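What follows is each chain in one-letter form.
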Amino acid sequence: TQLLEQSPQFLSIQEGENLTVYCNSSSVFSSLQWYRQEPGEGPVLLVTVVTGGEVKKLKRLTFQFGDARKDSSLHITAAQPGDTGLYLCAGGANAGKSTFGDGTTLTVKP
Amino acid sequence: KAGVTQTPRYLIKTRGQQVTLSCSPISGHRSVSWYQQTPGQGLQFLFEYFSETQRNKGNFPGRFSGRQFSNSRSEMNVSTLELGDSALYLCASSQETSRGGELFFGEGSRLTVL
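Order-wise, the sequence lines are chains Y and V.
With the numbering used here applied, the first sequence corresponds to residues -17 to 92, in that order.
With the numbering used here applied, the second sequence corresponds to residues 3 to 116, in that order.
The hints are simulated quantities; they were obtained by calculation from the structure and are not laboratory data.
The model shown is predicted, which means the values in this text are computed figures rather than measured ones.
All C-beta atoms in this analysis are idealised placements derived from N, C-alpha and C, irrespective of residue type, glycine included.
Derived, one-sided and incomplete: chain V residues facing chain Y with beta-carbon distance under 7 Å:
(1) Gly44
(2) Leu45
(3) Phe47
(4) Asn58
(5) Leu92
(6) Gly103
(7) Glu104
(8) Phe107
(9) Gly108
(10) Glu109
(11) Gly110
Using 30 Å as the maximum straight-line C-alpha spacing, the simulated DSSO-like pairs for lysine-lysine come out as follows:
(12) Y:Lys79 x Y:Lys38
(13) V:Lys15 x V:Lys59
(14) Y:Lys79 x Y:Lys39
(15) Y:Lys38 x Y:Lys91
(16) Y:Lys52 x Y:Lys38
(17) Y:Lys79 x V:Lys15
(18) Y:Lys79 x V:Lys59
(19) V:Lys59 x Y:Lys52
(20) Y:Lys41 x Y:Lys91
Assemble the whole structure, with the sequences as input and the hints as a guide.
Following this line, the structure appears as structure tokens:
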């Protein structure tokens, strides 16, 4: 069974601060996704990383896939209250059976 | 392009009852997956359907079942409800050409069992 561990579980910061969320596994994934979920909504896909060492940027969010494709990180620069939400990483060989991490709950205070 | 639509959004049932949840995927998406989300267990995979066939199944009891219709719409059913079944049930659709495991989720059906 492939497991994904996310850290930290909870993160509360002030607006303007930087933060990094980690997603680690002992298994190799062919691809890894990051999602953000707001209360009362379903997760929304942010990015997919496929190649070991790959770095993708989405405005103030930077995603990195580990060289061995076992881990990933999400870095947010100058966090804003609108970044508040549950961040989930997920991996899987196919769309039908993705494994999700437990998530990181981020609160950005104005 | 319309997103994934789940109905109902909220429902309350009592123990022992059964419930049916519906999901309409994004047009052109043939794979539909169901997940259960609870505060303690996170997102747990229930099952996935593709072209009306169950292709993958998670570790849930037989009380949880599903099906997919020829138009790719899917339903899941939970029989003999237990208090622990209270959760947000999420449906996600994807297409075979999606990179890796990209999923597009609906807003979920919030089930409360009393």
